[in-house]
Amino acid sequence: MLEHLPALQVVLPLVAAPLIVLARSTRFAWLATTVVSYACLVCAVLLASRVADAGTISYALGSWPPPWGIEYRVDALSAFVLVAVSLTASFVAPYAQRSIAAEVDADRQYLMYAMYCLCLAGLLGMAITGDAFNLFVFLEISSLASYVLIALGRRRQALFAAYQYMLLGTVGATFYVIGVGLLYLVTGTLNLADMAERLRAVEDLRPVLAALAFITVGMGLKLALFPLHQWLPNAYAYAPSMATAFLAATATKVSVYVLLRYYFTVFDPAALFERLPTRGIFLALSVAAMIVASLAAVYEKDAKRLFAWSSVAQVGYITLGIGLANHASLTGSITHLLNHGVTKGAIFLLLGGVALRSGALSVSVASLAGLGRRMPLTAFGLVVAGLSLIGVPGTAGFITKWFLIAGALERGAWWVVAAIVLSSLIAVIYVWRLVELAYLRPPQDGAVRREAPAGMLAAGLAMAGLCVYFGLFTSVNVEGARAAAALLLRGGP
Amino acid sequence: MSALVPHFSYWVTLFLMIAGLQVLIARGNLMKKLIGLAVLQSSVYLLYIAPGKLLGGTAPIVAPGFAVYSNPLPHVLILTAIVVGVATLALGLAITVRIREAYGSIEEDEILELDRADGR
Numbered sequence: 001m002l003e004h005l006p007a008l009q010v011v012l013p014l015v016a017a018p019l020i021v022l023a024r025s026t027r028f029a030w031l032a033t034t035v036v037s038y039a040c041l042v043c044a045v046l047l048a049s050r051v052a053d054a055g056t057i058s059y060a061l062g063s064w065p066p067p068w069g070i071e072y073r074v075d076a077l078s079a080f081v082l083v084a085v086s087l088t089a090s091f092v093a094p095y096a097q098r099s100i101a102a103e104v105d106a107d108r109q110y111l112m113y114a115m116y117c118l119c120l121a122g123l124l125g126m127a128i129t130g131d132a133f134n135l136f137v138f139l140e141i142s143s144l145a146s147y148v149l150i151a152l153g154r155r156r157q158a159l160f161a162a163y164q165y166m167l168l169g170t171v172g173a174t175f176y177v178i179g180v181g182l183l184y185l186v187t188g189t190l191n192l193a194d195m196a197e198r199l200r201a202v203e204d205l206r207p208v209l210a211a212l213a214f215i216t217v218g219m220g221l222k223l224a225l226f227p228l229h230q231w232l233p234n235a236y237a238y239a240p241s242m243a244t245a246f247l248a249a250t251a252t253k254v255s256v257y258v259l260l261r262y263y264f265t266v267f268d269p270a271a272l273f274e275r276l277p278t279r280g281i282f283l284a285l286s287v288a289a290m291i292v293a294s295l296a297a298v299y300e301k302d303a304k305r306l307f308a309w310s311s312v313a314q315v316g317y318i319t320l321g322i323g324l325a326n327h328a329s330l331t332g333s334i335t336h337l338l339n340h341g342v343t344k345g346a347i348f349l350l351l352g353g354v355a356l357r358s359g360a361l362s363v364s365v366a367s368l369a370g371l372g373r374r375m376p377l378t379a380f381g382l383v384v385a386g387l388s389l390i391g392v393p394g395t396a397g398f399i400t401k402w403f404l405i406a407g408a409l410e411r412g413a414w415w416v417v418a419a420i421v422l423s424s425l426i427a428v429i430y431v432w433r434l435v436e437l438a439y440l441r442p443p444q445d446g447a448v449r450r451e452a453p454a455g456m457l458a459a460g461l462a463m464a465g466l467c468v469y470f471g472l473f474t475s476v477n478v479e480g481a482r483a484a485a486a487l488l489l490r491g492g493p
Numbered sequence: 494m495s496a497l498v499p500h501f502s503y504w505v506t507l508f509l510m511i512a513g514l515q516v517l518i519a520r521g522n523l524m525k526k527l528i529g530l531a532v533l534q535s536s537v538y539l540l541y542i543a544p545g546k547l548l549g550g551t552a553p554i555v556a557p558g559f560a561v562y563s564n565p566l567p568h569v570l571i572l573t574a575i576v577v578g579v580a581t582l583a584l585g586l587a588i589t590v591r592i593r594e595a596y597g598s599i600e601e602d603e604i605l606e607l608d609r610a611d612g613r
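Chain order of the listed sequences is A and B.
Position 290, counted from 1, in the first sequence is what the numbering used here calls 290; the numbers after and before it change by one each time, with no gaps.
Position 97, counted from 1, in the second sequence is what the numbering used here calls 590; the numbers after and before it change by one each time, with no gaps.
With the rest of the complex left out, here is chain B (with noise of 0.2 Å):
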């Protein structure tokens, strides 16, 4: 336990980071293939966001009684890092909805079988 307490946020992030890629690799439904993605890319923001909170420092703004503050770069990296995940995620559901049409499925096998019936 002594071990994993200081180092909490990156087990968490460990965690997420791994459980992402697997339902990302495991997972034959291209809904949930995404979920995986999303969950992927949640990882990182926090792989960025916990280093940069100093316990006990407050908001970087300068005022008097203040000595400690966090670090505000993580915070707006992660900012961008969001807005292009939920690009990502919006192209990626988007593009599954045309799948979806164009195939009458969004499992990955049954794409596949279908692909191979056309004779590439």
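Next comes chain A alone, as it looks inside the complex (with noise of 0.2 Å):
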């Protein structure tokens, strides 16, 4: 049983989703998605201690195998990926029995599941596989999941907001199969670990380099590099609660691992960072992301709108520690992929409620006036996430920050830790907007005096704690991302 482990972290979710479709019960659904929410938890954890006692897992799907079946590859990262990724999870699928019901008919709400069990599987695929092209395939499986998850949003916006990010994420995924094509080309091998092998022997570049091209593009858009970013502040605005939630905190980290895997793994890190200008080019969009979209978050009147735009800067915090690819400024990254994901989720999971209580289609920056009177356990754990956005001390968000300024200051790179604390002083300002509405405003007439419903609220504020858990005691989230950067950089898996 335990020997098929990374199998079944992949089958569950994916075997629950047409029972979902089946059953056509909603509550079978919420049932369904819930445990295998935490099954997938329970697999993931297992899958990491093992990874932490014993190394690397490697799993012959079907018995073929390696390099000519496909393989699941559990190592450091993966199993820190995956385990971030189910973490979410775990939240999200309590949180959406209520939050469902209220945001979508309910003839739809059994499909909502389904997407949602598909997504959590193509996700939980894209990390736990070895092989390059069924990696497209999971991360279609996830894509094409949450362009509906998005589309199931309560107003018309949300559904073109779906087709703008369905068409670019679409082309990032094509993107990424012309790359995955071009270095099938030239080694004639689908299996990550040995198609590095196969590199290293490889005489003509300008193939791989056009690859590399590709699939930087191709996953930059799905991880919204800036400016890549386009599609995704909408589609979060107007996608259902938990959909945001749970895209905020999953999909663009998984882009991001993948990134990570081809970077430091399958290519030759040393002649990617020194002898071509990639690190210019991460250090540059990474800084223009912190600030630019900083500070559209604090000129944004939507709610959710405005933490879409503080992700586009946070995932610039993690495209900053790649570019700087040291052991700091790795861990850093890694870290935060689980730190910004505990960080918005939280946020996300608690403006569901909000606008849950309010009624209104969308919840606007003003219509939070009185928070801290209305909904007093809401908006404290708002204010704890957004202190964990801002990166204070005792918070998830400081950590990150930490060892990315570590990471800045060995290689010597002053302007980017300025701009670090520049773009945190920016987050001070929207989070500050924030907390002087909520607690030091009266609130609107009319406005509804009354907590989120119970498995909401404590979904949320449960995401919140753990924004402060991760930020006082780090053995999960800093032990785990050192092992993964220790491996990035051993190169070769």
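Read the hints as simulated data drawn from the structure, not as lab findings.
Glycine included, every Cβ here is placed at the ideal spot set by N, Cα and C.
Mixed in with the good hints there might be a few duds.
[As the list claims (entries may be wrong)] Label-pair ranges, simulated between beta-carbon atoms:
hint: 1; chain 1: B; residue 1: LEU605; chain 2: A; residue 2: GLY394; range: 56 to 64 Å
hint: 2; chain 1: B; residue 1: ALA580; chain 2: A; residue 2: VAL42; range: 25 to 33 Å
hint: 3; chain 1: B; residue 1: SER598; chain 2: A; residue 2: VAL421; range: 44 to 52 Å
Join the two chains into one complex using the hints; note that each chain is given alone, in its own frame.
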């Protein structure tokens, strides 16, 4: 049983989706989704502990040995991503019941759960597979499901946001598969470990460079690397609350994982960062994202879109660490996959509660006035997560910035340190706007004074609690990220 | 010409790729954008399939009298990619239908205009 954990990790949500569609019952759909989400978390934690004890796990799917068959390969990095994704899922699934009931038509609710399970299966599959083409298939499974999740939003803008995301996302995935095609033509293999081995012997570098460019732009679109982020603000703003929380916490992170996997284990990182202008490009784009997107957040009037802009800026932190490419900065990037996941997850979960109680189709920033009196617990959770976005010591966001600044200093890149500080200051502005509205302004006339339903509130607050937990007790997030960064820098899987 | 002929399939691939992207970006009609997307995806099918075929090669079934076989793997991969492409196109068309129902238009600039009128 235990040796089949890698397959179970993906198969459970993948099988749950068609079962939910066949059963057509909202209650069963929610139960199945919750059970599967927790089962995935158990699988991921078991896999992570086995990887920490015994090293990389290789699982030959269908008993076809790699490199001929599809290999599922769990190492320190993929185990970390698996835990991060399924941890988010285990908070979003129980939350979904009330949130979906309030936001989606009754006859479509079970489909929403089915799409969520498919999206989860795709994301976990992307993280676990060791096969380049299989990764593309999982990427498309998760993407197609997430387009549907977004399109199920209540306003008509959700449809157009989903359409735009679908166009750009498909172009991204197509670019990725073009890159894989070129690599396959050069190496004759699709197994990532095998491909890394054979790329070292390749003389003709031009197709490899083209593949690198296609994969970078393709995954850049999926992970919302500035300036390829245009799809993100609208998609997050108009999607149903639970979809926003889930996608914001996981989807872009898994795409970052794919980029890390290619950059550090398939391509030659020394050549990539020393002989090509990769570092300069990544640093410039990341700093631009951190500042421009944060400024956009300051001027935003819609609360969900405000935090969507902040997500673009936070992805900038993650790619900044990739650009610096040393142990400290990569630790920062990888731990931020989890830290930012819990932070944004908490914020969007709590905003979902606010939307539910206000009954409006969207949550404007102005409507948060007096939130501290109307929904004190929700407001408190939002402030805690907001502090983590800024990077106040004692929160998860601080841990990330600590490692990023350490990494930048190691490279002697003072201007990067300045950019991190500046971007944090801008974050103070938009988070303070929220604090001021919530605690120092009276509520608007006729605003409902009632906390969100217990299940939704508990999920949101628990995630906000994790922001603090990961900021104080770093044994899970930092140790996991350290091991993963060491693995990436050793070169080769 | 001598440079073009040996890489004929690559030139066709490249043309389809660029044409698809161009339609996708330059056209404002949501249907035409989807057509561009489909052309872009088709170019990838060609990119994979063409190198798998060897001149004079036969189907990869071991039989006496045949020494050269085509590589079946790219064809299998593209079978999967075609399924993915069909699913994407189906979803895109479905969303387009819903957009038409909700906005009464499938022209990008008219939709953006209506959104602006909504005052976001």
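Hint check results:
no. : hint                            : verdict
1   : B:LEU605 x A:GLY394: 56 to 64 Å : violated (44 Å)
2   : B:ALA580 x A:VAL42: 25 to 33 Å  : holds (31 Å)
3   : B:SER598 x A:VAL421: 44 to 52 Å : holds (46 Å)
In this structure, the one hint that does not hold is number 1.
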